[in-house]
Amino acid sequence: MLNPVRYIGENFLRWCHDIGGLVMMMGKVFINFAPWKLDKPQIWRNMYRVGVKSFPIVVVTALLTGAIMVIQSGLYIEQYGAHGLLGWGAGYSVLREVGPIMIGLMFSGRVGANNTAELGTMKVTEQVDALRALAIDPISYLVMPRVIAMIVMMFLLVIVGDFTALLGGAVTSQVLLGVDMKLFAWSIVTYIELGDFTHGLWKAVAFGYAIAIISCHFGMNTSGGAVGVGRAVNASVVGSAIAIFVLDYFITFMVL
Amino acid sequence: MANESNNQSAQPGLVARGLASIGAPVLEVHRTVKDIFRVLWLTFYYILHGKKGERRRNEIFAQMNEIGNRSLVFIAVTLGFLGMILIFQAGYQANKITGDLQLLGALFLQLLLREFAPTITAMMIATRVGTGMAAQIGSMVVTEQVDALRMSGAQPIDYLVVPRFIASTVMMVVLTIFAVLVSYIAGALTAYSFFGLNLRTFFDLSMIGWFDINIGLVKAVAYGMAVPVTACQAGLSVVGGSEGVGQATTQAVVNASLAVVILDFIISGLGYVVLAFL
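Chain order of the listed sequences is A and B.
Anchor point for the first sequence: position 223 equals 223 in the working numbering, and the numbering is continuous, going up by one each time.
Anchor point for the second sequence: position 114 equals 114 in the working numbering, and the numbering is continuous, going up by one each time.
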């Protein structure tokens, strides 16, 4: 059995290393924003890979999430017979909480993990060092386009996902609960405020930024060959998930 | 005119390319789903007919430690925050609309049991454990250790997937119960500190019945089976060296999370139908 003091110390040092690395990564990204030397073709390419490629999975997740939320609130609606509130009940929770969280988790699984794996493979095959040897800054060439692409695309995907989720909810309410789609739509239009929607968008931007920073940090600090890449991906998705929930709490707290 | 049609037949036209761009992903999805079901079937087969004994038991316990014990902190952090968020939102709304927080705890527990605790726990396990499984098995495939297993007469599915499958199914139930407790306590503390709601009022078990507990457990078992199967399938189908391992881990998270969402939809829908006809 491992010495408990050593175990705690090792964990503590690892946490310090990761938190420090994340802060460093934020700083480097911030500095690289300043002189506005962005590689536009790289940004477009990354936007395509990040956004368009994760479009199907976001749509599927959002459709099912909307459907599940309608089923869950349908149970209460049935009890009280308040069919007019179904759209509000499902829409409110989807727009504010569940939509951004589910899409964020999917985004971190699809894009964050992919990003870490890619950067990690480049790191362990010494392609990052090769870039440095050619006097190309890996941060501005590899990290910056990804960060920008992820923030923008997370924002756009949450907009798409919100509408898809409401569509999925409307179809489910018609098919499974027998509540008319028009009533569902009326309920959304009447009770949902613009604030509910923008609340979710604030979260989208924050999650996109967090996933980008975390996945790039763990990707650029990969060591130990192919096994190390797997470990880095694991650490990246775990960190992203924690960041999503913690950020969600604080944004909910601040924006309300 | 004739020349043009000749040109088009030489190269695939817009329609053909459009069909191809739809068809290729469909075929890919079909292949993956078929493979997942093959792994699932083989897992069940080897649970019944595989090699039993000391080695498998030890392996199952090691995997339980990996999946269960080492996820406790992660689950506690994420689900604790989830409980705080949900109660904060719900309490704020209830305060604004009716000012009546009597049912907050009871409804929260019901929603937690039915929906959030099993699903979010499973998504967290899919990210933490699924990537680990895919990376581990994937690098074994790449370094030809899986072939070596086959050479020495051990079935990779029996040797690698079955212990993970059993351990994950058991631990998912345990972790879901743990998640309910953590989330509920975090919610109770939030309700107490932000809305001054009495803890006695919050710990209200009147709304939940056997149905809620059963549907939560059914979901936990289903996710516990789905996550290792999808993750191990992604690991076992690695091609192309170390880059393939990275792709497999991504694939594992995506497939496992999608499986969780789809199963959630199916089980919730069935549960609703059962409840509507009771």
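Hint data in this document are derived by calculation from the structure and do not stem from the laboratory.
We put the CB at the ideal spot given by N, CA and C, even for glycine.
Some hints could be false.
Within a straight-line C-alpha distance of at most 30 angstroms, the following computed DSSO-like cross-link-like pairs (lysine-lysine) qualify [what the hints assert, rightly or not]: (1) B/Lys52 - B/Lys34; (2) B/Lys51 - B/Lys34; (3) A/Lys182 - B/Lys96; (4) A/Lys28 - A/Lys40; (5) A/Lys40 - A/Lys53; (6) B/Lys96 - A/Lys53.
Derived Cβ-Cβ restraints for the label pairs, each shown as a range [to be verified]: (7) B/Ala154 - A/Gln127: 13 to 21 angstroms; (8) A/Met26 - B/Leu72: 45 to 53 angstroms; (9) B/Ala276 - A/Arg6: 52 to 60 angstroms; (10) B/Ala16 - A/Glu10: 38 to 46 angstroms; (11) B/His30 - A/Arg6: 32 to 40 angstroms; (12) B/Glu54 - A/Gln79: 49 to 57 angstroms; (13) A/Val23 - B/Met151: 33 to 41 angstroms; (14) A/Arg6 - B/Ser21: 38 to 46 angstroms; (15) A/Tyr76 - B/Leu72: 27 to 35 angstroms; (16) A/Gly178 - B/Glu144: 42 to 50 angstroms; (17) A/Glu126 - B/Tyr192: 30 to 38 angstroms; (18) B/Ser206 - A/Gly21: 47 to 55 angstroms.
Consistency of the hints with the structure:
This hinted pair checks out: B/Lys52 and B/Lys34 have alpha carbons roughly 27 angstroms apart, not beyond 30 angstroms. Distance hint between B/Lys51 and B/Lys34 is fulfilled; the C-alpha atoms sit about 25 angstroms from each other, no more than 30 angstroms. For the suggested pair A/Lys182 and B/Lys96, the alpha carbons sit about 27 angstroms apart, so the restraint of at most 30 angstroms is met. The straight-line distance between the Cα atoms of A/Lys28 and A/Lys40 is roughly 19 angstroms, inside the 30 angstroms bound, and the hint therefore holds.
Between A/Lys40 and A/Lys53, the direct Cα distance comes to roughly 19 angstroms. Compliance with the 30 angstroms bound is thereby established for this hinted pair. For a cut-off of 30 angstroms, the pair hint linking B/Lys96 to A/Lys53 is broken: about 41 angstroms separates their Cα positions. Look at B/Ala154 against A/Gln127: about 37 angstroms separates their beta carbons, and that is not inside 13 to 21 angstroms. In this structure the hint that A/Met26 and B/Leu72 lie 45 to 53 angstroms apart at CB is violated, the actual value being about 29 angstroms.
The supplied range of 52 to 60 angstroms is met by B/Ala276 and A/Arg6, whose beta-carbon atoms lie about 57 angstroms from each other. The hinted range of 38 to 46 angstroms is not satisfied by B/Ala16 and A/Glu10, whose Cβ atoms lie roughly 58 angstroms apart. Against the hinted window of 32 to 40 angstroms, the Cβ-Cβ separation of B/His30 and A/Arg6 comes to about 50 angstroms, which falls outside the hint. Separation of B/Glu54 from A/Gln79 is about 53 angstroms and conforms to the stated range, judged on CB atoms against 49 to 57 angstroms.
The beta-carbon spacing between A/Val23 and B/Met151, approximately 49 angstroms, falls outside the hinted interval of 33 to 41 angstroms. Our hint of 38 to 46 angstroms for A/Arg6 and B/Ser21 is violated, since their Cβ atoms are close to 55 angstroms apart. Separation of A/Tyr76 from B/Leu72 is about 32 angstroms and conforms to the stated range, judged on CB atoms against 27 to 35 angstroms. In this structure the supplied range 42 to 50 angstroms is violated for A/Gly178 paired with B/Glu144, their Cβ-Cβ distance being about 57 angstroms.
In this structure, A/Glu126 and B/Tyr192 break the distance hint of 30 to 38 angstroms, their C-beta atoms being roughly 54 angstroms apart. The supplied range of 47 to 55 angstroms is met by B/Ser206 and A/Gly21, whose beta-carbon atoms lie about 49 angstroms from each other.
Hints 6, 7, 8, 10, 11, 13, 14, 16 and 17 from the list above are not met by this structure, while the remaining hints are.
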